[in-house]
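Visitor: Sequence:
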Amino acid sequence: MNAMDVDVGTDAPGALARQDLSRRSIADGLRRVAMRGRWACLSALGTLLLCACAMTPVQETTPPATLVHDELFAPSQEVISADRILAPSPAMRAFIQARLTRGLRGREPREVLVDALASPGELKLEYDAEMTRTAGEAFEARMGNCLSLTLMTASFARELGVPVTFRHIYQEEQYSRVGDLQVVSGHVNVGLGRRPSDFKVLGDQEPMLVVDFLPGAQIRRQRAMDLDEPTVLAMYMNNRAAEWMALGQLDRAYWWARAAWLQAPRMTAGLNTLGVVYRRHGDIAPAEQAFREVLRREPGNTQAMGNLAQLLRHSDRLAEAQVWEEKLARLEPYPPFKFFDMGVAAMRAGDYAGARRFFLKEIDRSAYYHEFYFWLALANVGLGRWDDVRESLAKAEEVSTSVPQRKLYAAKLESLKAKLH
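Residues in the sequence shown are numbered from 263 upward in steps of one, following the working numbering.
Don't read these hints as lab results, they were simulated from the structure. Do not rely on the hints blindly, as some may be mistaken.
[As the list claims (entries may be wrong)] Straight-line C-alpha distance at most 30 Å; calculated BS3-like pairs for lysine-lysine:
(1) K600 x K589
(2) K657 x K669
(3) K386 x K674
Only a predicted model underlies this, so the values are computations on that prediction, with no experimental measurement involved.
Please take these sequences and the hints and turn them into a complete structure.
Guide: So, in structure tokens, the structure goes:
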């Protein structure tokens, strides 16, 4: 099974002895889940850019409700409830009773939970980024993206009485494309604390046990910011908005983006997404207002900057657009997909060696996007580098973020192997 590594560790550099007690064996077991892939909180951006899981500490001066325009969209056909995102399903509660509570017997509940995540005979989790699932949906499907699996883990933990801390990890963002949207993904994981009733030795200051759905996660080296629950719920809503937008369902995307923005007004990703929905819906003034509000709070936000520049250019406000484009170019001289697009252009010109160089440059700064490896494989075909073709296709399969993608690359790889033998 192809998926994403899940790692476990502590979030404090000094907890060496405690970590050696059982973390290593737990982490090894979690790796056997074989979960490969790293896409976390999906946020659409580009052509129209949305940002990832950004937070801002500035005081809001614009009331959030003034930036929503329900009158422009058809009424919502679904109930958008924050309560159901983390709520355990009946099947989850049954699993707790049948599999988890019987395993306690003097053990810490958090370690019993981690064992269940790790055991090949238990949850058998698989990574899939087709949609962001609630905790209950992720359990039912036995798959999800990073945010979905984090929600599921947190939901289980709370049912067991284990304190939960959501964590936003500072790292390089990963970019991908969904149709004509560009997507930037941040990353979250979850820390499991001790229950207040758990026995502990006097002076034992063991930190949280961190569960991370990321390949080869170096948990002790991570720089993390704690997230409150409203922000995590808003991230889920923002993801759903981006996913509906990628499907062209702008009315549904609006209601999810609206919910994300009102759920956590300090999370600028929700407002940026809302602006993209307005722009795609043809509502230029509300879109501009949304992007400018993001930039008022975060003057260096390149996603909102790119969105605003594009909106102004498409509105024939060329002088204004140029000002923002020049500022964006100074902040981001080589934007995401720059080298990839140059590689595709080289392929069309028949320059396979040049294309290969550009694809490798893009991979050097974003090593977890399957299309980069697929196009690298095509360039290697043009050069007759068959061993490299096989290696590139295998890597494309490894970093794919959905089951259909993995099956497609696996089939291409098997077909290539058959032709070479």
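Visitor: Each of the hints needs a verdict: does it hold here or not?
Guide: Okay, the hints, checked on the actual structure:
no., hint, verdict
1, K600 x K589, "17 Å, holds"
2, K657 x K669, "13 Å, holds"
3, K386 x K674, "25 Å, holds"
Of the numbered hints given earlier, the model fails none.
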